[in-house]
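A.B. asks: Sequence:
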Amino acid sequence: MIRLALYQPDIPQNVGAAIRLCACLGMELDIIEPCGFPWDDARIRRSAMDYGENLRIARHESWDRFQGATAERRRILLTTKGAICYTGFTFRPDDILLAGRESAGVPDFVHESADGRVLIPMAPGARSLNLVNACAMVAGEALRQTHPLS
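Numbering (the working numbering), first residue to last: 2 to 151.
Some hints here could point you the wrong way.
[What the hints assert, rightly or not] Per label pair, the in silico range of CB-to-CB distance:
id	residue 1	residue 2	range
1	Glu54	Lys82	31 to 39 angstroms
2	Gly126	Glu29	34 to 42 angstroms
3	Asp95	Cys25	14 to 22 angstroms
4	Asp65	Asp95	17 to 25 angstroms
[What the hints assert, rightly or not] Listed next, the in silico EDC-like pairs over lysine to aspartate or glutamate satisfying Cα-Cα at most 20 angstroms (straight line):
id	residue 1	residue 2
5	Lys82	Asp116
6	Lys82	Asp51
7	Lys82	Glu103
8	Lys82	Asp109
It should be emphasised that the hints constitute simulated quantities derived from the structure, not laboratory data.
Yeah, the Cβ is synthetic: ideal placement off N, Cα and C, and Gly gets one too.
Can you build the whole structure from these sequences, using the hints too?
C.D. replies: Set out below in structure tokens:
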């Protein structure tokens, strides 16, 4: 199944919303640490509600540990520097959708190691979408392609 990975997230409410998104879509969640907040932050729990109870969350203490744990899967980076629109990308059922920090995206070494880079076209002058909104859009397309309804 498609998974979602958040690289060093800054905002606990976004992690909570990602937990809820993954639980509702049947996806697993990877968190690549360090996070910009304490993991037991009440804001995570408020945003996630009780959805975290039914979700497998893998926490990785570093990028290197994440790479080692996911070496056999493609990592598809959501980035404003991508050249391919997410709707034109061909997803696979075992892809990991990777989203960067809300404040800074991902460092160059992470960008360069991605197996694919997709972008969401935006209106002129717009800088970025909310992290979880972007993840939901791309996850929806990836799931549409890999798990079509019968």
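A.B. asks: If a hint holds in the structure, say so; if it does not, say that too.
C.D. replies: Results of checking the hints against the structure:
1. Glu54 with Lys82: 31 to 39 angstroms: holds, 36 angstroms
2. Gly126 with Glu29: 34 to 42 angstroms: holds, 36 angstroms
3. Asp95 with Cys25: 14 to 22 angstroms: Given a distance of about 20 angstroms, which is inside 14 to 22 angstroms, the answer is holds.
4. Asp65 with Asp95: 17 to 25 angstroms: Cβ of Asp65 to Cβ of Asp95: about 21 angstroms, so the range 17 to 25 angstroms holds.
5. Lys82 with Asp116: Within the cut-off at roughly 14 angstroms; holds.
6. Lys82 with Asp51: Distance of about 35 angstroms is beyond 20 angstroms: violated.
7. Lys82 with Glu103: holds, 15 angstroms
8. Lys82 with Asp109: With a Cα-Cα distance of about 11 angstroms, the restraint between Lys82 and Asp109 holds, given a limit of 20 angstroms.
Checked against the numbered hints above, the structure violates only hint 6.
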